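Residue numbers (the numbering used here), protein chains in the order written: chain A, 372 to 672; chain B, 372 to 672; chain C, 372 to 672; chain D, 372 to 672.
Calculated directly from the structure, the hints in this document are not laboratory data. Where hints are given, some of them may not hold.
Heads up, the list lumps identical chains together, so a pair's fine if it works in one copy or across two of them.
Calculated lysine-lysine pairs in the BS3-like style (CA-CA distance at most 30 angstroms, straight line) [claimed, not checked]:
1) K648 - K612
2) K438 - K623
3) K623 - K648
4) K438 - K612
5) K612 - K623
6) K441 - K623
7) K441 - K612
8) K438 - K648
Since this is a predicted model, take the numbers as computed values, not measurements.
There are 4 protein chains.
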Amino acid sequence: MPVTPEQQAEIDALRANPRPTLRAVSDGMEAHLYTINPVLDHGFVRVIDYMGDDAAICQAARVSYGKGTKSVQNDEGLIRYLMRHWHSTPFEMCELKLHVKLPVFVARQWIRHRTANVNEYSARYSILDREFYIPSADQLAAQSSINNQGRGEALTGAEAERVLDILKSDAARCYDHYQDMISDDGQQGLARELARMNLPANIYTQWYWKVDLHNLLHFLRLRADAHAQYEIRVYADEICKLVADWVPFAYKAFEDYRMGGETLSAAALDCVRRMLKGEEVTQETSGMSAREWRELQEVLG
Amino acid sequence: MPVTPEQQAEIDALRANPRPTLRAVSDGMEAHLYTINPVLDHGFVRVIDYMGDDAAICQAARVSYGKGTKSVQNDEGLIRYLMRHWHSTPFEMCELKLHVKLPVFVARQWIRHRTANVNEYSARYSILDREFYIPSADQLAAQSSINNQGRGEALTGAEAERVLDILKSDAARCYDHYQDMISDDGQQGLARELARMNLPANIYTQWYWKVDLHNLLHFLRLRADAHAQYEIRVYADEICKLVADWVPFAYKAFEDYRMGGETLSAAALDCVRRMLKGEEVTQETSGMSAREWRELQEVLG
Amino acid sequence: MPVTPEQQAEIDALRANPRPTLRAVSDGMEAHLYTINPVLDHGFVRVIDYMGDDAAICQAARVSYGKGTKSVQNDEGLIRYLMRHWHSTPFEMCELKLHVKLPVFVARQWIRHRTANVNEYSARYSILDREFYIPSADQLAAQSSINNQGRGEALTGAEAERVLDILKSDAARCYDHYQDMISDDGQQGLARELARMNLPANIYTQWYWKVDLHNLLHFLRLRADAHAQYEIRVYADEICKLVADWVPFAYKAFEDYRMGGETLSAAALDCVRRMLKGEEVTQETSGMSAREWRELQEVLG
Amino acid sequence: MPVTPEQQAEIDALRANPRPTLRAVSDGMEAHLYTINPVLDHGFVRVIDYMGDDAAICQAARVSYGKGTKSVQNDEGLIRYLMRHWHSTPFEMCELKLHVKLPVFVARQWIRHRTANVNEYSARYSILDREFYIPSADQLAAQSSINNQGRGEALTGAEAERVLDILKSDAARCYDHYQDMISDDGQQGLARELARMNLPANIYTQWYWKVDLHNLLHFLRLRADAHAQYEIRVYADEICKLVADWVPFAYKAFEDYRMGGETLSAAALDCVRRMLKGEEVTQETSGMSAREWRELQEVLG
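The shape of chain A in the complex, shown without the other chains:
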């Protein structure tokens, strides 16, 4: 269970008292504020705050005194145009602040997106909770035999059991020892900033993460992608749902032009043009490497 009764009470308190504001309000996002969206076995994503909505994107694009365009329909058209033509600054005018709980090895990937603000729970200052990510059976995957950076089928039988047992017992032992070392009961107690080094990378950490919509969509394009590691992809998937409710026009445009789109190289475009003219193009006549040719076949279905 990712949240204690005390924490739930804090959340309920924050949701209890709506206050009036003159700012842009997204009803779709208000419904999500502060609530826990569980991810993995102990993680979550929750919205702490947001700035702007679909109309705010248009308002900024037009540097206007009032709202965005004259009509909601025009807003959608303008947003689709901006997305299609890679205009990034109007999307930067919306901002999202999340509270995320996630395993350390996921946090290490996540933090590589530099254009965001982060406050992480400090294991130098505080004591971490005893919570570790243990993969579910279907995600306990073998190394991919074709891709160094991927996974194959799920492990089964004795091997799966052995792995699960290792992950659980090592995490438990390391945490027991962490507690032993920092304890000041009958001893001095090791400094927290040192003791944390004994904790494995599947321990959970937490942070506040704040990012503008343009950079968030870039993050989602990379991390909600099929090639992203499963453990970060599930966070991206969850955030996608929140964004779809927050700025529905922008999210739809993102799906159409980014997530569902593909970039074709000059050589790939040339092949497509020749094929559309009726030419029978093969890898040999394509001017592309075997690998690029295979990738193009996948794109063209």
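Once you have looked at the hints, place chains B, C and D on chain A.
Frame of chain A; chains B, C and D shown alone:
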């Protein structure tokens, strides 16, 4: 007058209908939303949106499930501690979005602060208004004789008149010609993206500017400083007032530890320590250059 | 002429004395160091320094102790893979420092690329030279009738003459007045930081601009594009030639996968797949707007 | 021993063949290129590349065609002026690329400095080495009793032995299990991207880290500070030595104005002024909190 009746009507419309939100609300900032704060002869600053308040700084610093600290008093203490010890990330968790109208030569200084989001009114796409900054009499200053990068006393008499006349007539003529060139009345009309090159740097432009509180305070420290050029300082001064109403604890700490503070070099500290022990320190015995010594004298009153 | 004899002497002095280094050296770039590459009527681009070469991209991608991969051929293959799959960090490991002279209205577009370091010649501190961009006859273009943000055919006849005359005489007059105002001959002299406001946007400025290769390629993709304004595109074109000599493998991959490539939306991909299966797809059956359909037709030739 | 014979051979090969360059060369830095500077028990810092030198800072500040100022003496004066008055952009014109080997928990602090380029050795793609940081006896410190975020005296006797034993045996066991899980000997073998989660935070990782001089000095000011955790401070200390040899004027100015300097608040300045006039100021009459007063006493010696 910096705003037309139509624009005022748009502003009034935005201020007419408060809506309920669960987000952090700063009453001090709600009072400012959308209103025009005039700066210089045709410029302004107005708040389009904000995220967070003083409590949100503490909430992020503590990566908490609920509000900031247990009491408002604790919030202030924590904020002062964070500011004093140069913790920047909790202040990054608040965000401000402004609509600013400003002369181009001011915009060129302003944009050098890179950690912000900007949407500028496009003179490639649209036609600029006929509005130019003309300094008031007391700001029509002579070149400083001691500082290449500063001003001295205000010009007076015939020289002042001549300068004002030049600034006004050149701006007017350049704008007339700008209109003539883009006109398609009886001619093709020059492309807007070219015609704009005829406009002088005191023409007004507009942009939406969005920045987090940490970077905003850094901007204000440099631009509300006595050494900043007057024409950007008046914008910074106006924004200072808005920030003071938005996050009063953070702004007070900023005044005490940043705006009102001074950084002393190792040599300067050494001098102060010796002086406090009763030693008579002179520039010769200070180990500092004449210029640094003079700067220290100013700091020490 | 973009460079004085004194400046040329400074350049010659810098090119006169090669010194030994253990760092990665790109012979293609050494040939360009410090030399003037003219752009527009008074502008230029010149290389002040660079860091890294093609091998350095691979070396960083592999976090290696020695050089990049085992062979030059492998280097090229790895670089193409990294470019194709949007790996950005290895390209960030190369850096370029340029000295650029450019009209102010071009500088204002350029500076919107925030991920770069800039030192601009200060008109607050120094006096600007009397140099203005005046378009050549073939670039004195009319406003586009189909695109607010574009140009049509070149102006001709009396209109062209009138426009040229305006641009030249307004620039000359504004500069004369700039000099008059700052002169301290028989008067106090207006502060430089104020006098500069009288100068039009086609005056030339200069800066040092330093950027990593990943962000440089992003800049080039947008600014060497056919939709970019001509006056910034010629700078991008010139830089492209320098990059091609500096990191030839990376530049070739950039041409194939970025400049020559196109991103197709989900709907466009669907159309292409249907067309390849022999279906006759029209705009009506494409699920795309008229504008998007037209854009797709252009891509597919 | 932080480097294998093969790695040493790669380093020797890189140092064997100096090549001519026209770029700015820092002899002090050439001597360091590629060599290993050991840090902690298995870590190191080594310089892979650099751009610029002291003169390059001045050259950029003056946007000049040739070298920096007319004389080396003027270079030093200008650099000290720029540092004293917080001019950051000229320092951004120098760049440093390091190869660093460091424990993961140190890497997690380090990466929070966002304005840098990073390529980290991927444990998703590759297999990590069996190398863990184990503190030396004098750094096996107890938790500070006055500062949650600090350490006290070194542990002694049985407690120290127990802690060392835990750290060593847990690291060894976790690594053994990591190897067991990824082995494909008689089993499928767990995906690397999953197996890595079993490794504790004192395992060593490696990265290429590239940063400009301004941001590097900011990093050093925070991480070479007495309040930084020892395990990152030793890296900062080592980098300080490299920078001192690379850009000696800039480093000296950094020591005088940043590392050896202190920022006094408005209230602290007021106290100092009153004390210099002979007034007996106490905490009660200082207008400062007890903590701030104590901090001021420390600064004033």
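Now the hints, each set against the structure:
1. Taking identical chains as interchangeable, the C-alpha atoms of K648 and K612 are never at most 30 angstroms apart, the minima being 41 angstroms within one chain and 34 angstroms between chains.
2. For the identical chains of this complex, K438 and K623 are intra-copy neighbours only, at 21 angstroms inside a copy versus 33 angstroms across copies, given an alpha-carbon limit of 30 angstroms.
3. Taking identical chains as interchangeable, the C-alpha atoms of K623 and K648 lie at most 30 angstroms apart only when they sit on different chains, with a minimum of 27 angstroms there against 32 angstroms within one chain.
4. For the homomeric pair K438 and K612, the shortest alpha-carbon distances inside one copy (25 angstroms) and between copies (25 angstroms) are both at most 30 angstroms.
5. For the homomeric pair K612 and K623, the shortest alpha-carbon distance inside one copy (11 angstroms) is at most 30 angstroms, but the shortest distance between copies (39 angstroms) is not.
6. Within a single copy, K441 and K623 get their C-alpha atoms as close as 20 angstroms, which meets the 30 angstroms cut-off; across copies the closest is 41 angstroms, which misses it.
7. Within a single copy, K441 and K612 get their C-alpha atoms as close as 28 angstroms, which meets the 30 angstroms cut-off; across copies the closest is 33 angstroms, which misses it.
8. Proximity of K438 and K648 under a CA criterion of 30 angstroms is satisfied in neither setting, with 47 angstroms inside one chain copy and 45 angstroms between copies.
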